[in-house]
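Chemist: Here the protein sequences line up with chains A and B, keeping their order. The numbering used here applies: residue 1 is where the first sequence begins, and numbers increase by one. The numbering used here applies: residue 1 is where the second sequence begins, and numbers increase by one.
If you're looking for bench data, these hints aren't it; they were derived computationally from the structure. Don't take every hint at face value.
Repeated chains share a single entry, so a pair holds when one copy, or any two copies, can fit it.
As the list claims (entries may be wrong) - In silico PhoX-like pairs for lysine-lysine, Cα to Cα no more than 25 Å straight-line: (1) Lys134 - Lys205; (2) Lys189 - Lys204; (3) Lys230 - Lys93; (4) Lys51 - Lys230.
Number of protein chains: 2
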Amino acid sequence: MRPKIYLFGDSITEMSFEDGGWGASLVNHFNRTVDVVLRGYSGYNTRWALKVIEKVFDEETAPLAVTVFFGANDACLPDRCSAFQHVPVDEYKLNLHSIVSFLKGRWPTTQIVLISPPPIDEPTRLLYPFIENKLGLPERTNEVAGNYAKASLAVAAECGVLAVDLWTRMQQLPGWQTACLSDGLHLSKTGNEIVFEEVVEALKKKGLSVETLPVDLPVINEIDPNDPLKSFEGI
Amino acid sequence: MRPKIYLFGDSITEMSFEDGGWGASLVNHFNRTVDVVLRGYSGYNTRWALKVIEKVFDEETAPLAVTVFFGANDACLPDRCSAFQHVPVDEYKLNLHSIVSFLKGRWPTTQIVLISPPPIDEPTRLLYPFIENKLGLPERTNEVAGNYAKASLAVAAECGVLAVDLWTRMQQLPGWQTACLSDGLHLSKTGNEIVFEEVVEALKKKGLSVETLPVDLPVINEIDPNDPLKSFEGI
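Could you put the whole structure together from the sequences, leaning on the hints where they help?
Modeler: Below, the structure written as structure tokens:
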């Protein structure tokens, strides 16, 4: 009955229903208009995403939109402790192109929102190694994450799809390292709010908003207290 | 690909994706196993719910479970300011029976969780009238909400479906009036946590838990860092 918005990505998507998470905020925002479907896969990079994409998106019906939010794992450095998640930036670009092509091929009318990886706070990353960190060096750097963010923006421009430049947007905030991030990589409450707002803004550009989407069933403010059942005639 | 759990109810369901909400917590809890689908309709009572139920549940595929969480509006007093939402307790019982029958008829294998209305903090309700409160008396009382809660439990027992007695459970907490409720009716953070925990517990009784449900795609902890693509063979 209701159209869908898929959230496809890595742990920053999978964790988006924790307290104040951007996924939960999207459900709350679209609570009578859209079904938001979580397809977050912690640790995944674009190489692995391509391996599973046909299984993830096996539905016939075109969703309104898909957010594609990978890159934070691709950007793991190839000579650091999380190297097994690394994907070279050129392959990352190609992979994003393939993801967009797949989605456009399956559902030509669906809006695609490419979200760039967030910035990285390197000192904090040292406190949260995913696996043993023998070198004592951060497994990601902010500069390299920025290259992946630029690549993501380039793909969005080349494919004509929506883009959210999280890497730049977050660094506009003073103290973004702790304001936007909880562990140097994943999102704080403010970081989650930024993603939520940016996704809502991006969708609005294509006319997808609570103001324009049809509302599922009569809303209480429009039900006549003197004759409530009238609102339900013909449903 | 993933099975679903529907959340069917009034504003306490519709608002369940606000910060710390029980719906968002369910998505987070089942983030790789289940799709949680929000079908909350603010202000609705069981009479209106029955008018829309066929439209709400138009899918062929049986969900794992449906939470049915009505009663807070049915329990509005017939001689107070929100009288247009009132449904007599005998009709409430019949309506809940009809809702359960509809769901069982459509999907015989689906687990149904009947959630009772929460307790009411009457003094606080006076601060949050939905419409003009000329009498200056609360539109709901805790005692009457308790009658609806008992009716909900009775229906669950009569139909052999799962029950959550929120009215009793919440009043076990000292200071439940503000500990569990935000406005004398809707849920605080703690109140949301209680609903989340009770629903998870109820589903567990029927074998529906993250421990037993199949996980969607390889999880990062099981991917071999020395040969990550091996995990994606045959997907």
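Chemist: Work down the list of hints and note, for each, if the structure agrees.
Modeler: How the hints compare with the structure:
1. Lys134 - Lys205: neither (46 Å within a copy, 44 Å between copies)
2. Lys189 - Lys204: within (23 Å within a copy, 31 Å between copies)
3. Lys230 - Lys93: between (55 Å within a copy, 23 Å between copies)
4. Lys51 - Lys230: between (51 Å within a copy, 11 Å between copies)
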